[in-house]
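Position chain B with the ligands against the provided structure of chain A, taking the given hints into account.
Protein chains: 2
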Amino acid sequence: MSLSRITFLPYQRSIEVSEGDSLIRTALHAGVHINASCGGEGVCAKCRVQVEQGDVAEGLSERLSPEDIEAGYRLACQAKIKGDATIRVPVESAMDRSMFDQQVHPRQTARIQQMDFDSLKERGLFIPPVEKAYLELPPPDAQNNMPDVTRLIEFLKLQSDEHKLELTIPVIRKLPSILRAHDFKVTVTLVRPVRDDGKTLITNIQPGDTTDQAYAIALDVGTTTIYAQLIDLKSGASLAEDGDFNGQISYGEDVISRMIFAEKGDGLETLQRTVVGTINKVLGKIISRAGVEHENIATITMAGNTTMTQLLLAIDPSYLRRAPYVPASTMYPPFRAATIGIDLDEHVIALLYPAVSSYVGGDIVAGIMGTGLYREEELTLFLDIGTNAEIVIGNKDWLACTACSAGPAFEGGGIEFGMRAAKGAIEDFSLDSVTFEPMLLTIGDVRPKGICGSGLIIMVAVMFEMGVINNRGKFNRDLDTERIREHNGVWEFVLAFEDQTQIGRDITISEIDIDNLIRAKGAVYSGCMTLLEEVGFSMDMIERIILAGGFGSYIDLEKAMTIGLLPEIDPARVIFIGNGSLMGARMSSLTNRIRKDVVEVTKKMTNFELSETPSYMDHYVAAMFIPHTEIEKFPKVKERVEAWKALASRN
Amino acid sequence: MSLSRITFLPYQRSIEVSEGDSLIRTALHAGVHINASCGGEGVCAKCRVQVEQGDVAEGLSERLSPEDIEAGYRLACQAKIKGDATIRVPVESAMDRSMFDQQVHPRQTARIQQMDFDSLKERGLFIPPVEKAYLELPPPDAQNNMPDVTRLIEFLKLQSDEHKLELTIPVIRKLPSILRAHDFKVTVTLVRPVRDDGKTLITNIQPGDTTDQAYAIALDVGTTTIYAQLIDLKSGASLAEDGDFNGQISYGEDVISRMIFAEKGDGLETLQRTVVGTINKVLGKIISRAGVEHENIATITMAGNTTMTQLLLAIDPSYLRRAPYVPASTMYPPFRAATIGIDLDEHVIALLYPAVSSYVGGDIVAGIMGTGLYREEELTLFLDIGTNAEIVIGNKDWLACTACSAGPAFEGGGIEFGMRAAKGAIEDFSLDSVTFEPMLLTIGDVRPKGICGSGLIIMVAVMFEMGVINNRGKFNRDLDTERIREHNGVWEFVLAFEDQTQIGRDITISEIDIDNLIRAKGAVYSGCMTLLEEVGFSMDMIERIILAGGFGSYIDLEKAMTIGLLPEIDPARVIFIGNGSLMGARMSSLTNRIRKDVVEVTKKMTNFELSETPSYMDHYVAAMFIPHTEIEKFPKVKERVEAWKALASRN
Ligand code: FES
Ligand code: FES
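Those protein sequences? They're chains A and B, same order as listed.
Residue 617 in my numbering sits at position 617 of the first sequence, and the numbers go up by one each step.
Residue 551 in my numbering sits at position 551 of the second sequence, and the numbers go up by one each step.
If we strip away everything but chain A, and leave its shape as in the complex, we get (with noise of 0.2 Å):
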């Protein structure tokens, strides 16, 4: 694909991007901030830019007058980039030329790090869990007519020098008559022990050679979300993904409200049944699309958070949410699937990722085996923020855990115009620093709805860069904008007018909301404090941060930083890893290196409970301004609202 270069002036910042893309994004991503107030839909017009040189595709409106559009003029979020152009952005205010390098920031998002099969190979940490091995056996006859098992395990023994061999009595069950009907030629499944001492589990058996097909699932379990892959053994390829959402969502959106459920009546055997019945509706999906077939499907590795675990198991989850917050367990003995309903062959065996305590459950440890942080010397912060956040600090000498309730706010709720990362959410913002007029981008570009979790971080780091607000949240009254009011005794910035919502109402940020968002941001980073401190480090010493789930994707690492979510640190330094969970279970589907380092980190977790930790009121407290009562330990962050505090008194 071609590149186009885009200068945009009157700030002189170019950016080389492809061909096809929105103009308005392309000037976000400059770091180059245009008035928008419909979200680019294209109805309010303030996007309007002047296209000096070269040329934009579309762009037009009925917005813009005949004239204006011969004078090169064309809505910037209306806009598609198919060549090098020069655009200009019309500045209302008068402003010196420092301006121009105090302009937005440019979203800057996690790395994303993707499993690597290959590199596990080459560091030897491949030992496949799964095999399957072709056998010719010789028939027998009146010298040798020893039972069926004993004749395949002594010819395994001989032939592989395999030892600890065992059948099922399903396996046993199928063995006579598929041994016979194709002259003893045979493919059997051996599943390996994770202990070096334990069994070789001979799980299946086929007739003929099919060694080429071997298949095994990775589960995530999510409280939301159910996620799997159809991953194949051989390649560690991932041959079909897809997800649902839990239907268990039905009787509660949050594990809380589960657990109250599976309290009452049948509750526990009806949210088992639901959650199985997404498993069942997810795999069919994969394994029909992938074209694989149920026979040659030899393991299913799931992992999920505690409370998921125990309802998936149909293990009554009262104590997990009752002091002194107690699971049933956390590690479970491997069993077959079908046991618990999963539709899989009778031979298929489920592995349960194992937990390290009620709140820091399997879904953690597999996003810790999936990164491979456990064995890596980087002093690593491992988050995954949601209602509630774990955090994961340590390398491979160490590891402490904890889990903290971070509230829905990064999820948009408890904020008045909050609202999931759907379409219609504000998700990215800048604001004139003279007008106060913002540059609001929603999710599929129509007007707004909402604001969403990483768009909510962005205003609130934006407008405290700015001045708008101060440390503890509050917005400077004396500012001269109608956009910042007071309204039933409370103030807000309004983002958009009615006219330019999809509501029909003003969607504004209030004081409240930016509160909501210094709580959520403030319980995480005191909980890393927290942990950080009990162990005797201190936040400087991270070198690398991995964000596992939903919310890290989108999110603007600068922004994170500048409200205190995050500790400073080079963005490039963050890594994105997605669905943990997920990963972790494929990785443990390929490799039993992972299995069996998973019991030792497990046990080198240690478990803090925020509530039992009497530090973490003190840090939590700190943590209630933006970024930090300690604005040094955010640097960068005190520089840059050090320029603006200096632009602004200049203006």
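Where hints are given, some of them may not hold.
Any copy, or any two copies together, can satisfy a pair, since identical chains are not distinguished.
Taking lysine-lysine and the DSS-like style, the derived pairs with C-alpha atoms no more than 30 Å apart in a straight line are [what the hints assert, rightly or not]:
no., residue 1, residue 2
1, LYS174, LYS285
2, LYS234, LYS285
3, LYS604, LYS157
4, LYS199, LYS636
5, LYS603, LYS645
6, LYS121, LYS82
7, LYS633, LYS645
8, LYS264, LYS174
9, LYS157, LYS80
10, LYS603, LYS121
11, LYS199, LYS157
12, LYS185, LYS636
13, LYS82, LYS423
14, LYS164, LYS80
15, LYS157, LYS603
16, LYS185, LYS264
17, LYS185, LYS603
18, LYS396, LYS164
19, LYS638, LYS396
20, LYS285, LYS474
21, LYS121, LYS596
22, LYS285, LYS82
23, LYS604, LYS174
24, LYS596, LYS80
25, LYS199, LYS185
26, LYS174, LYS603
For the record, the hints were derived by calculation from the structure and aren't laboratory data.
Only chain B with the ligands this time, still in chain A's reference frame:
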């Protein structure tokens, strides 16, 4: 109980017996022949005897004239011992005194050996496979909120030095509520591994202290009958025992017809369901009779022949009955009993006795384990005789085994008037050496209906020793008795004329019947011979015989040696163990030592297929005589035959 001394004249034989015993059986026991044709029902009046001193109870009959009664005549079959007495048996024939010592040889049955739990303990062979432990766990608090499973395991580690513990998911499911309902005071059931490096399974958890209630079930899955014992694991006692006919009988009497049925349609599933149905019926009876709670039953140990074992597990038995006679497996892993439909709690672990081959099954191995012969010096012949006879020979150093088809003669099959050992079956017999009048005693003391296996052996032995038949089973046509006759071209001996029978027909034993018995005993004896020869031993080296199965209990050992079924050996060296399968299952329920040993024992048991052993035919042909071509192998028989011969020539 006081004993009475009974003296029989003219033989001058005395015997001490209990009051209430039958007079005629007392005579038999004393080795005194009394004519008796109606089986002891009191209708033939042949059993008249005269009470000369003392008195007997009952024995009056309208078949006796008032004068006879006055003179002290009584029917021996109706009379009961009530004190010391002298009884004269009328002797119709002239005889010299030497005959008095050549009368009936009283029946010598095998010494019954019962399982001896205490000696097992004394000999250090008691390694409990199941233990219950009562634990008072410290309840969780904020400082110690480890998972329930971890709490339990750590406590067991610390308090009882338990290691390698594993809980199944169903137990984990129960754990949280049971722990909390009873203040963390619980009883766990620990099922020990057979291999020292295996895991101890925690299969159950119960509130409070239930350590005094630990039970197991031993089960014999026989082709004809299912027997079960409920065993107290603390005392080793059998609290209840019961049996029932295997419901599979409706689908075929023997293993071959069952196998054929299993091959048709859903025959296999039908047979599986049916045998489990019988098992559940029997278990229901013993559990309710013993008043034991299902929850406190920890294991069920089962033994059956190879066919019954495969049918129980729904494993196609087709290849068991077809050359080269290959079982699916001879070892099965432990499994949960409920998975095959057995009506026991989900936690109950089922263990199946391993087999050696298609025709030497787990029932035989159980017998070997139950008797402990594999631990002893003595060279022992273990025999389980039915339609098939299983033979094991050996001691602690080596074991050889085989199976042969004996045919149904020992169970009364293939014998014109043959019947099972049920009411009306002639079970004991002697013959007047001059008049050839028989003494017939039937099961239940009723008029005869037929002949059971043990009766048949006695008849043939008695007739052979007296020269009524020769060593090829042919009648001496020269004898002066109407009882020997030709009927439809076949020579036969009339045991009871029609008016003395229940069936309105003469009951006879023919040369064809005798030939069938000779074939049956020949098969068994030559099987033993072949086995011994293959391992370089000979019959006279046998130091001990163990008889298992129903057949052995009533067998007259001397007679069995006379016909050449058993080698000649001191009858005191013959032991009857009854249901060896059940005995072995019970032993395994009580000590893991047996479970450990059985793996080695089955490996050590060298199986011989007689059809593949050329010498078998020669031995078989040589054994087709009474007692054998080489009568020198049976010196005592030879002696008796010669004594009778001398006597006969004198008369
Ligand atoms: S018209 Fe372009 S953002 Fe509103
Ligand atoms: S009357 Fe006594 S045996 Fe017949």
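(message) At most 30 Å between alpha carbons: which applies to LYS234 and LYS285, within, between, both or neither?
(response) within (21 Å within a copy, 54 Å between copies)
(request) Pop the pair LYS596 and LYS80 into one bin, within, between, both or neither, using alpha-carbon distances up to 30 Å. (result) neither (52 Å within a copy, 78 Å between copies)
(request) With 30 Å as the alpha-carbon cut-off, assign the pair LYS603 and LYS121 to within, between, both or neither. (result) within (26 Å within a copy, 41 Å between copies)
(message) Checking an output row: LYS185 and LYS264, CA cutoff 30 Å. Within, between, both or neither?
(response) For LYS185 and LYS264, the Cα distance is within 30 Å only across copies (26 Å; inside one copy 54 Å).
(request) Measure nothing new, just compare the shortest in-copy and cross-copy C-alpha distances for LYS121 and LYS82 to 30 Å and report within, between, both or neither. (result) For LYS121 and LYS82, neither the intra-copy (44 Å) nor the inter-copy (93 Å) Cα distance is at most 30 Å.
(request) Evaluate LYS396 and LYS164 at a C-alpha cut-off of 30 Å and name the case that applies: within, between, both or neither. (result) Answer is between; shortest inter-copy Cα gap is 26 Å, intra-copy 32 Å.
(request) Check LYS185 against LYS636 for me: Cα-Cα at most 30 Å, and say if that holds within a copy, between copies, both or neither. (result) neither (68 Å within a copy, 58 Å between copies)
(request) Tell me, please, which holds for LYS121 and LYS596 at an alpha-carbon limit of 30 Å: within, between, both or neither? (result) within (16 Å within a copy, 41 Å between copies)
(message) Within a copy, between copies, both or neither: which one fits LYS285 and LYS474 at a CA-CA cutoff of 30 Å?
(response) neither (50 Å within a copy, 79 Å between copies)
(request) Measure nothing new, just compare the shortest in-copy and cross-copy C-alpha distances for LYS157 and LYS603 to 30 Å and report within, between, both or neither. (result) Cα proximity of LYS157 and LYS603: across copies only (16 Å, versus 35 Å in one copy).
(request) First find the shortest C-alpha distance between LYS174 and LYS285 inside one copy, then the shortest across copies, and answer within, between, both or neither for a cut-off of 30 Å. (result) Only inside one copy: LYS174 and LYS285 sit 28 Å apart there, 34 Å across copies, limit 30 Å.
(request) Tell me, please, which holds for LYS199 and LYS636 at an alpha-carbon limit of 30 Å: within, between, both or neither? (result) Result: close neither inside a copy nor across copies, 56 Å intra and 57 Å inter.
Against the hints set out earlier in the document, violations occur for numbers 4, 5, 6, 9, 12, 14, 19, 20, 22 and 24.
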